[in-house]
Amino acid sequence: MKIEFLLNGETVRITGEPATRTLLEWLRERKKLTGTKEGCNEGDCGACSVMVSSLVKGDTDRTVEHQTLNACILFLPQLHGKSVRTVEGLQGPLGEMHPVQAAMVDHHGSQCGFCTPGFVMSMATAHRNGDRNHNDVLAGNLCRCTGYAPIIRAADAAAGVEVPDWLEDDVDALAALASNAAADIGGAYVPKTLAELSDWYLANPDATLIGGATDVGLWVTKRLVDLNQPCLLSQVAELRQIDVSQDGLRIGAAVTLSELQVVIAEYHPDFAEMIRRFGSTQVRNAATIGGNIANGSPIGDGPPALIALGARLHLRKGDETRDMALEDFFVAYGQQDITAGEFVEAVSIPRQTDRLKCYKISKRFDQDISAVCGCFNIAIKDGLVSDARIAFGGMAATPKRASHVEAALNGKSWTDETIRAALKAFGKDYAPLNDMRASADYRMQVARNLLLRYFAESQLGQNYTRVLEVRP
Amino acid sequence: MSVTKSLPHDAAPLHVAGSARYVDDIPTPAETLHLAFGLSDIAFGEIEAMDLDPVRNAPGVIAVMTALDLPGDNDVSPSAHDEPLLSDGTVHYVGQPIFMVIADSHLAARKAARLANVDFTTRPAILSIDQALAANSCFEEPLEFLKGEPEKAIKAAPHRVKGQIEIGGQEHFYLEGQVALALPQEGGDMLVHSSTQHPSEIQHKVAGALGLSFNAVRVEIRRMGGGFGGKESQGNALAVACAIAAQKTGFPCKMRYDRDDDMIITGKRHEFRIEYQAGFDAEGRILGVTFTHYARCGWAQDLSLPVADRAMLHADNAYNLPAARIVSHRLKTNTVSNTAYRGFGGPQGAVGIERVLDHIAHELMADPLEIRMANYYQSFRAKAGETTPYHQEIQDSVIREISTELVKSSDYQARRSAIAEWNAKNPILKKGIALTPVKFGISFTLTFLNQAGALVHIYSDGSVHLNHGGTEMGQGLFTKVAQVAADAFALPIEAIKITATDTGKVPNTSATAASSGTDLNGMAVKAACDQLRNRLILFLKTTHNVKASDISFEDGQVIVAGKAFTFAEIAGEAYRNRISLSANGFYATPDIEWDRLKGRGRPFYYFSYGAAVTEVVIDTLTGENRILRTDILHDVGRSLNPALDIGQIEGGYVQGAGWLTTEELVWDDKGRLTTHAPSTYKIPACSDRPETFNVSLWKRGLNKEKTVYRSKAVGEPPFVLGVSAFMALSDAVRACGDGTIYPALNGPATAEAVLFAVQAQRGENDGV
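Top to bottom, those sequences are chains A and B. Mapping to the numbering used here: the first sequence position 193 is 609, numbers consecutive. Mapping to the numbering used here: the second sequence position 119 is 810, numbers consecutive.
These are computed hints drawn from the structure, not numbers from a lab. All C-beta atoms in this analysis are idealised placements derived from N, C-alpha and C, irrespective of residue type, glycine included. Incorrect hints may appear among the rest.
[To be verified] One-sided and incomplete, this derived list gives chain B residues near chain A with beta-carbon spacing under 8 Å:
(1) Thr695
(2) Lys696
(3) Pro699
(4) Val707
(5) Tyr948
(6) Arg950
(7) Ile1119
(8) Thr1353
(9) Arg1380
(10) Asn1385
All chains should be built: construct the whole structure from the sequences, respecting the hints.
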């Protein structure tokens, strides 16, 4: 069926576009709505940021949630049943400026103006959600002119102003659209249940499964690949759930990083802090934990933390399921333990006392891919290491446990000497590479030093260990 | 009075509404065609065979062109005619355009451009500074500036330092990528919309490529989505390609680079190596210094010679060097042709001397601030007659006054002590602080470029149409210039219509570059407005039979012998009395002359000054680092618009700090840029700005030269203040050791670079 969504309050119905047409291309080239800009075409600059609103699934109060997303790596079928607001749809009926627009003018927040619509949309979404963490909200919007100071001043100034009444939630229209959902949306297969997905994928094992398209999007916009049989996972209810039980957390594969960040904060706050720096708000709103695992990247930040927590991965193929320790899923570079027609259904974290520390080391703090991501979860009992679980990203061809380091710690007293001795074992676990993010030497040094950091953080009375904690 | 007011950027309401129009936003006819380049994937060699049939046969492709198909000059160079639009058979870098695709959509063109089968004979590529030196690969003989007898002075000095610093390049990362649109006109004429800082050069290159005279090509640009020097010459290729394709097909043609292509194809800030030796006394005063600059220029000359010249011209930064030799090597390599970037070599030159002073402070175990203060040029009040290494007398220095005031306002001394205490208590994290100055020479060093024109119309309803040769890239030039025009007629700024830069309105313009936009175009506009105003006064004098002193322009009105008229009434009256209400203005900077080969003269009309104090914190386990606080005091003369000036200072500082911290360009051993997207090339993000960021304009600022309203240029100078972040990192690293080893950081000081420097301080190798 046609793709249907609200664009600045008006229903649009789209046919005749390839399923991988991005919202950005469509807005600019078909709708001539050129306020939304292309800066990088890979979801890293935020110039194409738009506000996407949707009914919260299963919520009887028909609550609408609002998110910022990057239009450049957002395929049209992903928008089905939602509401898209672009910068052209932000002003009031008489041309009144939205409070964030007015504040940006008053505080000199634009210079060249090219990034401005994206900033305005990120700010307007945060403003609507009452989110005042402007550094986080705007981490995915790059500006090369202003140095950001006036933009933050504008965001702070607008935060105290009410959301204008012309920004309506369009609840009825959204509800009408949501009830109108078929399995084929504009050339993409959109299953609603796990059973539908597993049956279909078994019959179509060459299809492309798409979580939030923050990775697959780049296959289209950068590698210029024609995707085979795109299948959107976001409507599969079972994959969107986080189940909390006595045993721990079971996280559906299509849970976004934003959703995970909120829930995991309660159990493993340092994991949540790392997710805060994972991509950007726009990326986390789309990217899924299943995608972060299934693409097998050696530099994804999810797997090291999950491995350190002893997570198990749940795979499904048709009616059959199997599960494994997450670290066993990653066989070699680009090779995972997964067969044709099989897919990641969920990942589960056993309930445990929180000892997890996540160290994301990158050239830039926000919205950067880790050079090294080290996650440590070390249990101490009676002064002895009872269970050390350590995993790294960026240190090998896959996310990998530091089994030799763990062995050097387990059963030993939790002392500086033990740590020093364990440092020697890193060379047995890892032989990292040189690349544009860091040298092999640096990676190895940092990996070792992060164990020192974990040790320091475990000692009471220790002073600062992270530069982000230091205030002027 | 509109000047000196903090008016918002004229386009701000359009920016925030998404209705500010950039080149790619201009509505185009449905039949518009789209272009993409096919690129070389080797660094150096010959094209042996090129099978373009798969490109031609790809969906949506209209035509494919190689160098053999071009109608006119195959040249997009801004200087030495050494840069073909499409490879002439030899390829000189990875990313060089070798053919162009004309297709019915942007995506179709991009897809088709990847389908060519090209066979190359590869030759050994020269990629690095060392390889270029070994092969003696350079663009011209080394240039030298000499003052006094530096070697003798160094030898006789009680103390000496010697060292070198590597300074990385920088990607402009304008948010709007390169883009052009060509619309064929009747009789073979061409209209080009180009995102360019230099419309006249686009006009000239397009004319050459099409075999037309300049008057057959009109170039228009309302605004760029950022330039920073990256659109001074790098837009030539797209505009020329579009014009050729438009001439060939008869249809409008548009081209924009995808971000990765943009970063791979276009030039960047020049990477430098600077070797230095200095002799100094016990107070740290420099007695003699030598610098050898090695600039990696890339494969074509582009603007590299003047860039390397300016690096030499800023080798003194704000310091009196009694004896100095500065030698500059301009190295030719098989990498992208480096180009203009905010500061134009000046920042690299300034980093050289700041490194020397930091090194001297280390040798003397002194606060680097004391060493800097000891070496500053004397205040202009002292009339000390000090000269730069190129023998220009310094007559306007306020760097001592600015630094003294900033030391106080930033609470530098107390914070320095507090940092020492903090560092003593914190084994893992260390803080550092540094004050660095800037003195930036204002004028194009190619002296004839220091000219500008303007065209001002008053319509019979009293509305004013303003045009000039400068381009708007976000710096607020149009706003400032409109303030000048509004002030001339005492009109509100809204009465002034700011219009797109257009080679058909103001001809023979210089690039909007060298921070000179307001100085030059503001004066040209003022000249035009003054003429119109004088004509109106003369007319009113005659018709109303009053003295000139009885006529005044106030608050949108014209007062004639006590009687108030609206400006519109006067304009209408003048029109009906057949008074010309259109004028062009012209300005040429006076009193400058420069001989670059001799290294003597007065290249700069005046200097802009400023200083910054930056405090940083580093992690000794990972090298991670961030800026905690920055205080800046900057001299913009008498500010035309304080808000816009502060915007330039804040933005310039953050960009400068990014250059020397997170922004790392990495090439592999095949000459391929591996950091060709924002995923891998990290410009500062929101949270990287200083958490506390105090920026002030120097209240006593006044240009002693007769610039427009005595203001000073502000585009580039504050970029150099980012050096204070780099020197603060040096200070923090030094706090990790016992004072015996100088940190000798290279730029950019990434987390990796900082960690290794810390380990060197502590005598650690791999720690195990």
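*Please verify that hint: B/Arg1380, Cβ, nearest Cβ of chain A, below 8 Å or not.*
Where the cut-off is 8 Å and the nearest Cβ of chain A is about 5 Å from B/Arg1380, the hint holds.
*Regarding the hint that B/Ile1119 lies at the interface with chain A, is the smallest CB-CB distance below 8 Å?*
Since the shortest Cβ distance to chain A is 5 Å, the answer is holds.
_Agreement of hint B/Asn1385 with chain A interface, Cβ distance less than 8 Å_ = Since the shortest Cβ distance to chain A is 10 Å, the answer is violated.
*Interface restraint verdict for B/Val707 against chain A (beta-carbon cut-off 8 Å)*: Interface hint status for B/Val707: holds (4 Å vs cutoff 8 Å).
_Status of the hint placing B/Pro699 at chain A (closest C-beta pair under 8 Å)_ = With a closest approach of 5 Å, the B/Pro699 hint holds.
*Go through the hint on B/Thr695 and say holds or violated, using the shortest Cβ distance to chain A against 8 Å.*
Since the shortest Cβ distance to chain A is 16 Å, the answer is violated.
_Supplied contact hint for B/Arg950, tested at 8 Å Cβ to chain A_ = holds (4 Å)
_Quick check on B/Tyr948 please, does its C-beta sit within 8 Å of some C-beta on chain A?_
Given a least distance of 10 Å, the restraint on B/Tyr948 is violated.
*Hey, does the B/Thr1353 contact hint survive, CB to chain A under 8 Å?*
Given a least distance of 5 Å, the restraint on B/Thr1353 holds.
*asked:* Can you verify the interface hint for B/Lys696: is its Cβ closer than 8 Å to any Cβ in chain A?
replied: Constraint on B/Lys696 not satisfied, violated at 12 Å.
The structure fails hints 1, 2, 5 and 10 (numbered hints given earlier, in ascending order).
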